[in-house]
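Quick mapping for you: the protein sequence lines, in order, are chains A and B.
The first sequence begins at 1 in UniProt numbering and counts up by one.
The second sequence begins at 1 in UniProt numbering and counts up by one.
In short, the hints are calculated from the structure, not lab data.
Take the hints with a grain of salt, since some may be wrong.
[What the hints assert, rightly or not] Pulled a few chain B residues facing chain A out of the computed Cβ check, cut under 7 Å:
| no. | residue |
| --- | --- |
| 1 | GLU17 |
| 2 | LEU19 |
| 3 | VAL93 |
| 4 | ARG98 |
| 5 | PHE157 |
| 6 | LEU164 |
| 7 | ILE172 |
[Said to hold, decoys possible] Where chain B lies over chain A, by a calculated footprint (3+ residues, C-beta under 8 Å):
| no. | region |
| --- | --- |
| 8 | 603-613 |
| 9 | 647-654 |
[Said to hold, decoys possible] Chain A regions said to be covered by chain B (calculated; three or more residues, Cβ under 8 Å):
| no. | region |
| --- | --- |
| 10 | 51-59 |
| 11 | 210-218 |
| 12 | 689-703 |
Since we're looking at a predicted model, the values are computed, not measured.
C-beta atoms are modelled at their ideal positions from N, C-alpha and C, and glycine is treated no differently.
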Amino acid sequence: MTQAFRIPGAGRVDHAKPVRFTFDGKTVEGREGDTVASALLANGIHLLGRSFKYHRPRGIVSAGSEEPNALVGTSRGPGRSEPNTRATMQEVWDGLTVESQNRWPGLDFDVGAINDRFGRFLPAGFYYKTFMWPRSFWDKVYEPFIRRAAGLGRSPTEPDPDHYASRHLHCDVLVVGSGPAGLAAALSAGRSGAQTVLVDEHAEMGGTLLSEPGVRIDGQGAWGWLDAALAELRGLPNVRLMTRTTAIGYYHQNMVGLCQKLTDHMAAPPEGAPRERLWRVRAGQVVLAQGAIEKPLVFDGNDRPGVMLAGAARTFLHRFGVKVGHRAVVVTSHDSAWHAAFDLARAGVAVAAVVDVRPEVSRVLTGQAEALGIEVLTGHTVTGTTGRLRVASVRVNPVRGGRVGAGRTIACDALLMCGGWTPSLHLFSHTKGSLAWDAGAGAFLPDRKTEECEIAGAGRGLWGIAAALDDGAKAGAAAAKAMGRVAGVGTFAVEADRTGDGVVVKELPTDRNAGLAKAFIDFQNDVTAKDIRLAVREGMRSIEHVKRYTTNGMATDQGKLSNINGLMIAADALGKEAPQVGLTTFRPPYTPTTFGALAGYHKGSHFEVTRRTPIDAWAEAQGAVFEPVALWRRAWYFPQFGEDMHAAVARECRAVRTQVGMFDASTLGKIEVVGPDAAAFLERMYTNPWARLQPGRCRYGLLLGEDGFIRDDGVIGRLADDKFHVTTTTGGAARVLNMMEDYLQTEWPDLDVWLTSTTEQWAVVALQGPNARTVLEPLVEGLDLSDAAFPHMAVAECTVAGFPARLFRVSFTGELGFEVNVPARHGLALWEAIWAAGQPHGITAYGTETMHILRAEKGFILVGQDTDGTVTPGDAGLDWAIGKQKKDFVGKRSLQRPDIVAKGRKQLVGLLTEDPKVVLEEGAQIVADPNQPLPMTMIGHVTSSYWSEAMGRSIAMALIEGGRDRMGEVLHIPMPGRTLRATVAAANFVDPDGLRLKV
Amino acid sequence: MTAQIHSFPPSPAITVETLPLAARFSLRLRPEHREEAKAALGLPLPDRIGRTATEGARRALCLGPDEWQIDAPEAEADAIRRALPRGLAHALVEVTDREVTFRLQGPAVLDLLAVGIARDVSRMEVGRGTRTVFDGVQAVLVREAEDRFTLAVWRSFSPHVEELLQRGAREIALGL
């Protein structure tokens with residue numbers, strides 16, 4: 001395709017480097033440096049999509065990130081498709097695939113456009129009114145319909161294969177926006193030596209200067225000056241420049257989020273390169289130099305392809321060397337559009353007329369227009385446009401004394417509009433800084449600040465390059481000074497600065513029925529002027545209500561073009577001043593941001609930390625199935641020869657009860673409690689007595705909260721008078737250490753005792769079963785393992801398999817058991833040594849499921865499963881663990897509270913189903929009488945339930961009201977379709993007398 | 001002994017290696033007993049959090065008002081275990097195996113750290129250390145030289161941290 005609208009040699013694109021991409025399957029040629037929008041315009045393509053509600057043909061309105069219309073689907077290869085890419089921001093590269101959206105079967109002929117014909121039946125609030133009744137239709141009919149109709153573009157269905165990065169950044173001065181104000185600010189701050197970061201969302205720095213090459217600064221052309229300024233900034237080691245980087249949010253204490261696009265502009269990104277990076281910037285000072293956004297004018301047919309902002313036309317001309325049309329008409333309420341007309345005319349575009357709503361315009365402008373052969377129509381309005389897929393003509397009428405005169409039609413293929421400029425307040429609004437209405441400028445301006453920031457240039461209503469440069473230089477210097485730097489304020493000699501002003505208007509007056517006008521305010525959400533007036537008529541008074549009723553400003557562009565026009569019309573309809581109606585609140589992000597950028601590295605294998613033990617690799621090689629426990633992954637069971645879980649677990653259970661099993665207990669929390677007051681400290685923390693526990697012995701420890709409820713438990717070994725090895729539950733390790741530190745630092749700072757987490761210092765192998773000693777004995781040096789010398793609940797330091805070890809004789813299974821602790825680096829070697837030594841004795845690796853069953857067979861509790869934060873030692877049947885002689889321990893007083901000592905508390909008991917094959921569901925509710933009326937009185941619930949291989953039947957533990965007084969009672973567990981019967985029993989099913997430990 | 005130096009794909013801008021285990025202890029005692037401990041250990045204990053002191057091959061890093069991390073060669077571990085007298089109220093707990101220590105070096109080292117650490121590491125002086133958080137993981141960071149840091153994390157967290165260091169180093173090597 002020829003680039004009929006390209007001006008050879010003009011603009012900043014590289015004319016020597018053609019780039020080919022596809023738009024709806026057709027190949028389009030652009031130039032390196034083009035955006036999708038500029039490349040399409042160079043080929044005369046204005047029609048880019050269909051609108052959201054009425055499916056009206058839509059084209060390119062702007063040249064920046066505020067673009068509401070030109071949203072396209074882009075694809076960078078399999079899985080790499082993105083809906084709603086702004087054509088004005090996406091750079092072209094060879095092979096890029098671009099698709100128009102919201103049309104079927106095609107862009108030129110779209111069935112959904114029927115909505116446009118019936119537009120009068122789809123007023124604001126249509127959904128609220130239509131989809132109310134009947135209520136039952138909501139889920140099945142209305143909501144799916146609205147969901148299908150809502151939203152532009154199609155979400156990708158494949159997982160995103162791209163990488164996303166994130167980084168933290170600290171600087172003295174962050175400058176947002178690299179137009180003249182931002183550049184001057186960065187120069188002031190950079191020259192002062194302050195750590196300065198300058199960011200811009202475009203591919204190139206320069207902002208307005210890129211579209212104003214005719215301005216001269218310090219004796220150079222704008223682009224020459226820009227090159228010099230950027231070269232100076234690049235040369236400063238304390239300055240960082242970041243393009244394609246959007247400041248998406250301004251958070252507390254000068255935290256600014258930046259989203260940097262790294263590879264979307266590349267035809268062939270390096271393998272594994274991240275697509276985007278989220279920067280979390282903590283800036284001493286922020287200079288907001290975001291500039292201003294041009295406002296559209298509101299008139300019938302202002303949304304036709306070819307109708308665009310005058311400033312955008314100027315940008316396409318100067319930056320990209322593209323004429324937006326061959327024959328243009330300009331309609332404006334601001335001087336700036338006159339200059340656009342002049343530039344286009346000088347570039348060879350036939351500018352038929354400049355229509356200005358103001359009756360009087362500077363003679364300088366009208367004179368220049370006439371000299372260029374442009375018809376001047378001051379005091380005129382625009383009342384309509386024609387053209388099905390592209391504007392073909394515009395109807396203009398004179399306005400005299402408030403009366404709209406007869407219209408005439410002017411042919412054109414581009415209609416350029418300008419309703420003035422809106423300072424970009426989005427980031428400032430994120431800080432909750434207050435705004436003040438400037439009646440003269442017809443705009444809200446930043447007022448009271450809440451953060452350490454400066455606002456410079458057009459962002460605070462200043463107009464003109466000279467004003468922006470001066471203001472930026474001052475803001476940058478002020479920011480640098482606030483950071484303790486000595487900063488000068490640069491001055492700039494600016495020539496050919498095209499300043500000007502304008503008036504603020506609501507919708508343009510018309511001689512036709514305004515109720516039939518399709519005068520759009522919010523292009524993306526298809527909101528018209530009459531929708532706003534309807535909302536006011538229907539009782540909406542606050543701009544917040546008007547917004548939600550009409551959806552004005554609720555599209556992905558957050559009303560960058562529509563908010564002020566909507567406000568002016570709402571204020572007019574309400575008969576109030578604009579500030580009394582107010583502005584809606586802008587919220588982050590400034591522009592749509594990918595979920596990938598927000599997620600950063602945290603996806604796939606890096607989604608969350610997965611902690612693995614030193615023995616994990618062995619379990620994985622053996623085909624273990626894992627389960628997550630806190631952040632750990634633990635071997636759940638070890639299936640062999642195609643076993644299912646039930647078969648594997650039954651085999652593991654049998655092995656432990658009849659031979660010997662080994663278990664990776666490394667995840668158990670461990671805390672080394674050391675110091676002369678170690679025993680005194682544990683006396684106060686745990687319910688059990690510790691003072692008289694001899695070195696070389698262990699004891700089960702029970703930890704309560706101040707409320708008397710069970711928090712944690714574990715075996716504690718006394719290694720020396722002043723040294724204890726405390727174990728905690730896997731999930732409770734950090735919590736218990738924090739709780740202990742809390743008490744130690746705030747309640748008992750006088751105690752000479754210190755706590756060190758040693759969870760990861762030690763790898764732990766548990767060896768359980770009648771053959772445990774036989775397997776272990778040959779590996780142990782320096783310790784007699786006989787029952788007499790090393791009885792149950794003994795601990796000793798020795799050597800196991802050649803490694804220094806802490807050996808515990810403990811049992812969480814009811815069998816003869818040992819737990820071997822070795823420094824973590826030796827964990828795997830120890831495991832393998834025991835595994836090898838155990839082969840003749842039937843050693844079997846078992847996982848957490850088997851561990852859970854074996855302990856349930858003994859009635860040992862699992863904190864967090866059999867307890868839920870409301871269970872006391874008495875409830876759990878652990879009164880024996882309370883040191884009766886102890887004066888105090890954490891939670892002791894609470895155990896005397898009336899409700900804790902009252903009868904009828906839920907107590908942990910065993911439960912045996914009538915049908916031994918039925919395994920109850922954990923969490924199932926229990927009732928005394930299954931025939932009582934609904935809702936039944938629930939007297940408890942099942943906490944643990946398993947198939948017990950040792951018992952040859954199911955077993956369960958349950959918390960039941962007055963449970964220990966109900967031994968032998970039959971209770972009922974209502975389940976879907978049937979009610980199960982079970983008998984209350986003691987929660988100690990296997991070897992209740994503990995004889996198997998005494999071997 | 002069992003751990004080896006593991007270098008990531010090399011880049012002139014950044015190298016990351018896993019250090020072999022050396023003896024590491026957590027020493028806790030009341031600040032007024034610092035001098036006594038110094039005499040026994042032959043190693044000064046800095047009185048300000050974040051400061052380090054070295055003597056021979058031993059280094060003490062103050063991590064809290066009553067907390068020091070002592071690093072030493074394996075060969076000196078036994079001597080350190082026995083150095084402090086029983087009469088001195090203290091806790092000396094070996095944590096050598098608890099941790100994996102990475103060494104990060106190169107002109108882009110601050111960029112790599114910024115991948116996971118929220119604080120402004122550039123302000124850290126050489127010879128200072130701090131307990132901090134790397135991508136949600138508790139870590140101890142020590143600046144050994146302008147362009148050289150060590151980052152120690154608990155063992156089970158190290159694959160997570162290593163994966164991110166690799167990703168970050170790759171970004172730096174790509175110049176993106």
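Hints, verified against the model:
no.: 1; hint: GLU17; result: violated (17 Å)
no.: 2; hint: LEU19; result: violated (13 Å)
no.: 3; hint: VAL93; result: holds (4 Å)
no.: 4; hint: ARG98; result: holds (4 Å)
no.: 5; hint: PHE157; result: holds (6 Å)
no.: 6; hint: LEU164; result: holds (6 Å)
no.: 7; hint: ILE172; result: violated (11 Å)
no.: 8; hint: 603-613; result: holds (count 7)
no.: 9; hint: 647-654; result: violated (count 0)
no.: 10; hint: 51-59; result: violated (count 0)
no.: 11; hint: 210-218; result: violated (count 0)
no.: 12; hint: 689-703; result: violated (count 0)
Checked against the numbered hints above, the structure violates hints 1, 2, 7, 9, 10, 11, 12; every other hint is satisfied.
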